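Asker: Spelled out, the chains give:
There are 4 protein chains.
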Amino acid sequence: MSGDSFGKIFVLTTFGESHGPGLGGIVQGCPSGIPLTESFLQKELDLRRPGQGVASTKRKESDRVKLLSGVFEGKTTGTAIGFFIANEDARSKDYSKIKDIFRPGHADFSYEQKYGLRDYRGGGRSSGRETVSRVVGGAIAKAFLETLGIKVYAYTLELGGIRAKDICLEGIEQRPFFASSQEVVPIWEKRVQQVRTQGDTLGGIVELVAKNVPAGLGEPVFDKLDARLAYAMMSVGAVKAVEIGAGFAASSKLGSENNDFLTSKGFCSNHAGGILGGISSGQDIIVRVGVKPIPSVAKPQKTINKEGQEVRLEIGGRHDICAIPRIVPVLKAMFFLTLADFVLLQKRNK
Amino acid sequence: MSGDSFGKIFVLTTFGESHGPGLGGIVQGCPSGIPLTESFLQKELDLRRPGQGVASTKRKESDRVKLLSGVFEGKTTGTAIGFFIANEDARSKDYSKIKDIFRPGHADFSYEQKYGLRDYRGGGRSSGRETVSRVVGGAIAKAFLETLGIKVYAYTLELGGIRAKDICLEGIEQRPFFASSQEVVPIWEKRVQQVRTQGDTLGGIVELVAKNVPAGLGEPVFDKLDARLAYAMMSVGAVKAVEIGAGFAASSKLGSENNDFLTSKGFCSNHAGGILGGISSGQDIIVRVGVKPIPSVAKPQKTINKEGQEVRLEIGGRHDICAIPRIVPVLKAMFFLTLADFVLLQKRNK
Amino acid sequence: MSGDSFGKIFVLTTFGESHGPGLGGIVQGCPSGIPLTESFLQKELDLRRPGQGVASTKRKESDRVKLLSGVFEGKTTGTAIGFFIANEDARSKDYSKIKDIFRPGHADFSYEQKYGLRDYRGGGRSSGRETVSRVVGGAIAKAFLETLGIKVYAYTLELGGIRAKDICLEGIEQRPFFASSQEVVPIWEKRVQQVRTQGDTLGGIVELVAKNVPAGLGEPVFDKLDARLAYAMMSVGAVKAVEIGAGFAASSKLGSENNDFLTSKGFCSNHAGGILGGISSGQDIIVRVGVKPIPSVAKPQKTINKEGQEVRLEIGGRHDICAIPRIVPVLKAMFFLTLADFVLLQKRNK
Amino acid sequence: MSGDSFGKIFVLTTFGESHGPGLGGIVQGCPSGIPLTESFLQKELDLRRPGQGVASTKRKESDRVKLLSGVFEGKTTGTAIGFFIANEDARSKDYSKIKDIFRPGHADFSYEQKYGLRDYRGGGRSSGRETVSRVVGGAIAKAFLETLGIKVYAYTLELGGIRAKDICLEGIEQRPFFASSQEVVPIWEKRVQQVRTQGDTLGGIVELVAKNVPAGLGEPVFDKLDARLAYAMMSVGAVKAVEIGAGFAASSKLGSENNDFLTSKGFCSNHAGGILGGISSGQDIIVRVGVKPIPSVAKPQKTINKEGQEVRLEIGGRHDICAIPRIVPVLKAMFFLTLADFVLLQKRNK
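Protein chains in written order, with the working numbering: chain A, 508 to 857; chain B, 508 to 857; chain C, 508 to 857; chain D, 508 to 857.
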């Protein structure tokens, strides 16, 4: 399968560019009889919408998802679920001046090398806008996983190098930046304003926790649950690092410190992030994701054009200061998609 | 496909447990006409052999790989390449006393939950010994990639929290721990001896660099080159974290710092780790991998048995102090396998 | 992958039901730089349109295909190609009276068993209308294969048990029934009228020939070219039999009769249908497909409802007398899709 | 995935040539806890053994299958099952004289075109000997399906154009040719002797019936149960035609004749072969397979060598007169593999 599909049984396949008619996808493998409506999907999609926080672009996209198949009388039929999100606010002319220029940190150069041609309008297929389809696919997975009581929380742990002190799983979606706690919000807001003034951008770290995941998910060897989660997360543009549980910190611990001991009441700690030998243990699944700063800085940059000549680039248009918070629901969607697939794969052993 | 297969066109499928007749695998998709011999594979496999460094077990395994198909008169025929490594030194009785006990940090608990039964001898399929098949599969990929001039270097950057100061790509395979430079070796050796005396174990960080990778490898959206590399690396037991290029460090940089500017002479830096928008840019591909300490500590541990009763566990047998250095050729093999797959996938655009 | 996807590198994934908003699909893996327009796709799709021949329903569907992504300035970009065909003439009320009845020969019974519920309007996902997406996907494959000079001819060889005497590859698309020759057309037309009067339906046999297919396509063992062609053809509703080359007739021949001898000028015959050991030989690829009569007969039929009670069924609505000719472009599309996939797979050996 | 793998969840991957060290495979996805022994597999494999009937070669191969992994204390562990069958009687020198000659009806020509080189000893990967791995894989599927009460019968219906009059499902494996009934056996034996004297070979037709298959197996659109069965059967060398239920005969029937009516007691007939809309209906699944005569005739044949020069070929060695009866257990194995995969896929809807 080519790279627009994710999953083995519960499979999302997507299409679309930021400046064509729209974007969408197909979910295969969703069990029949799961309650599903457009408004449920829309609610998830709205969390990703730009123009909500101080770090986001003001570009207006209503991003209305339309269900095209696979749902009948409010329930999934078990057959392919098609969906579509029309592009409403795509101003192609914004991009004409960068048509022949390779923007630093973007896929312009590598796409040109790969395909010999490229849709230069807003990055074409490499645009972050492709993630709308992930969010819808993930929401379908969520609808299925909710019938099993599985929940996923996703929140920003660090922004621009400033780490939040607390994690409060309640109220995340109401907080700016989907911050892990309220105390850090004004500090991050100040930092964002400062960087915006400088014409620069920021990165951050997102943490995700899945609860009520049954033990036994994941497959030996290559399709370990952590391997598929790393794959899922790293497939999102701007992500450059992924950790499970203690992650890199485990590298400098002793074995006796890092092991999670078991008592008759359960595990005593969760350095493993809920995954042992690649298989879920029934504990919380914990993933952390490093997000790079957005490459579209307002400051002038040095780069080259298609002829290899050096040029000075000043990017206009409307751009976010940080992939956070919009990336948060996208990463959550990838978590749901990964879990849904493994829940179904595990049915063979039941 | 189930989880014993890796790749889409260049596909490795493996089998085997540490205490059965042996382990092996099948490589599909290798182009025809590539020179390949058992001795070439054996050389790679020997790098993973235990009993070589101070961090390794003294258990003796000659690990002889035998080619079973797909090679004729010294060249690949283009058809499935089967191979086998017999288990020679498998003392099953060593494990009988932990038959009903869930060892902390191991897959015992999660496998029991997943399958309802498990091969308790040495971890069965979850044993680190499964990686012999990865090394052989990776060596086949290497044979193919060498015809294109692609090279991969893998070295230990940090052990037990002590980071090496230098990176010298020459002579890695001759250095203990596959250390990134010689200066750190005596320090690590001392640390290993110390921890061994304590009955404890260590983790570390491995870095990998691929050179001469053509621009254009990777697929948009889900099968980005970095996503597949994260998947590949995280699928190796003991790995808990993966970074590309600047990795987590990028999260606290400004966009203007993190972007790699382009001049007519090429890129000015490589924070991206050679991957832009998920597609290789022609620069070095850089991956860092966090390895947890080995869970089999000699110290007594608290855990439970299958009946849920608390027990005190003292692991006997021969165990490594650290997954490093033996994990290094395994990670390198995963890099080769990932690249070989993408090189073939990219042929559709040529 | 679930069953809405076809192919390994050149992959078509589809969605849609006859009575929802519409149908569509995503093509992955099409090489970049292939000329492609909506009007090219529309031309292929128009061949499948109902209401053209005496055997077809009078139901009016304009079936306009809309390209949603993957094409830029008239050429494929190498990324996912999304497309959509809106349902314009879907009268749901026509089907309400058969809501709880299992129509003989249809998927009603088996879908109910599989999913526990079903979209009863026009068969839902099991409707023959899903084939519009195949035709569009196949047309994209055709656009690619035409750049290599590969052609596929598809024609009706037999209708209602009456076999055509000749095969004339020129002018097929202009002839009623896509008949293999003109002489049989009036005979078939008479037979169709006769059966229509009886309230009954007909089946037939379709033959397909691919020309200029390079030698070397197909993979050993399971993915033989003939195996994938059989899979492709049999996946089309109403198909109950598939033959390659001499097909069943080869079963009663002697080996010396059936072998195709080779001279310095090439093969002396083509009983093998252009495939040896599952790999194309460079000869014409020949496939024959048996199509059952359409199950929606106007005559009253005995069946049961969801409660298991026996009922007398009289199907109203607009129905075709025969899946031929509309199935012909669908089968041709499946041939294109199969070949496109193998052409790309074979690039690894080049 | 390349073409040495079959299945989506229950996956068989094979390797091996007739003149290397041996052949084998890996089964992924078999549920845990299924009783499985080498002797069970051996029993199935023995049915395929040469030298049993008058139509078979006298070549002696003991074909001992060895289980390499995935079974512990007599039960499947749920992890990859590896197996191996050593080649014991491979006389390479027999083949040296046809090294540069393309044997008519064999894969010699097409493999040379595909790969640019080939293992000429006994056909290499294209040898019918690869089917030993299918039989073992199918036997593992059988072990799983037996726990659900599913049975598959496979028998020869026609040999050399002579059709059996009766079908008696009892005692098939005891009858020569796996004949569908005893009455035809002496007639076939006479025909085989006659053709052997002429230095020629025969084809035939095999029928397969699966009983107790639950309704609901198969997936909409491309992965219909009949599509996957056609794929499975046609992937076996020498197969040139596949029919489901009435097959080609349905093409000349009226819809009212071909439909299987339903009463409160069940279906009144089974022209559909137990599959409606690609999904099993709970009736017997019926498949018929056309097998071409073996191309290795003793009679001299005209062909060319690698230089394109015309040569006269006289094949020595030990060859079967007909792929029947040895192909019968192979086809049965493919049926088991197909069903096992769909049984597991259907679990997502339960």
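A couple of the hints might just be wrong.
Since copy identity is lost for identical chains, a pair holds within one copy or between any two.
[Unchecked claim] Keeping only pairs whose Cα atoms sit at most 30 Å apart, straight-line, the calculated DSSO-like set for lysine-lysine is: (1) Lys806 - Lys582; (2) Lys573 - Lys550; (3) Lys604 - Lys550; (4) Lys550 - Lys697; (5) Lys672 - Lys857; (6) Lys772 - Lys573; (7) Lys813 - Lys672; (8) Lys658 - Lys606; (9) Lys672 - Lys582.
Don't read these hints as lab results, they were simulated from the structure. Keep in mind it's a predicted model, so treat the numbers as computed, not measured.
Asker: With reference to the structure, classify each hint as holding or not holding.
Answerer: For each hint, the structure was consulted:
no.	hint	result
1	Lys806 - Lys582	neither (50 Å within a copy, 34 Å between copies)
2	Lys573 - Lys550	both (13 Å within a copy, 28 Å between copies)
3	Lys604 - Lys550	neither (36 Å within a copy, 36 Å between copies)
4	Lys550 - Lys697	within (29 Å within a copy, 57 Å between copies)
5	Lys672 - Lys857	neither (42 Å within a copy, 44 Å between copies)
6	Lys772 - Lys573	neither (47 Å within a copy, 43 Å between copies)
7	Lys813 - Lys672	neither (46 Å within a copy, 39 Å between copies)
8	Lys658 - Lys606	neither (43 Å within a copy, 34 Å between copies)
9	Lys672 - Lys582	neither (42 Å within a copy, 51 Å between copies)
Comparing the model with each numbered hint stated earlier shows that hints 1, 3, 5, 6, 7, 8, 9 do not hold.
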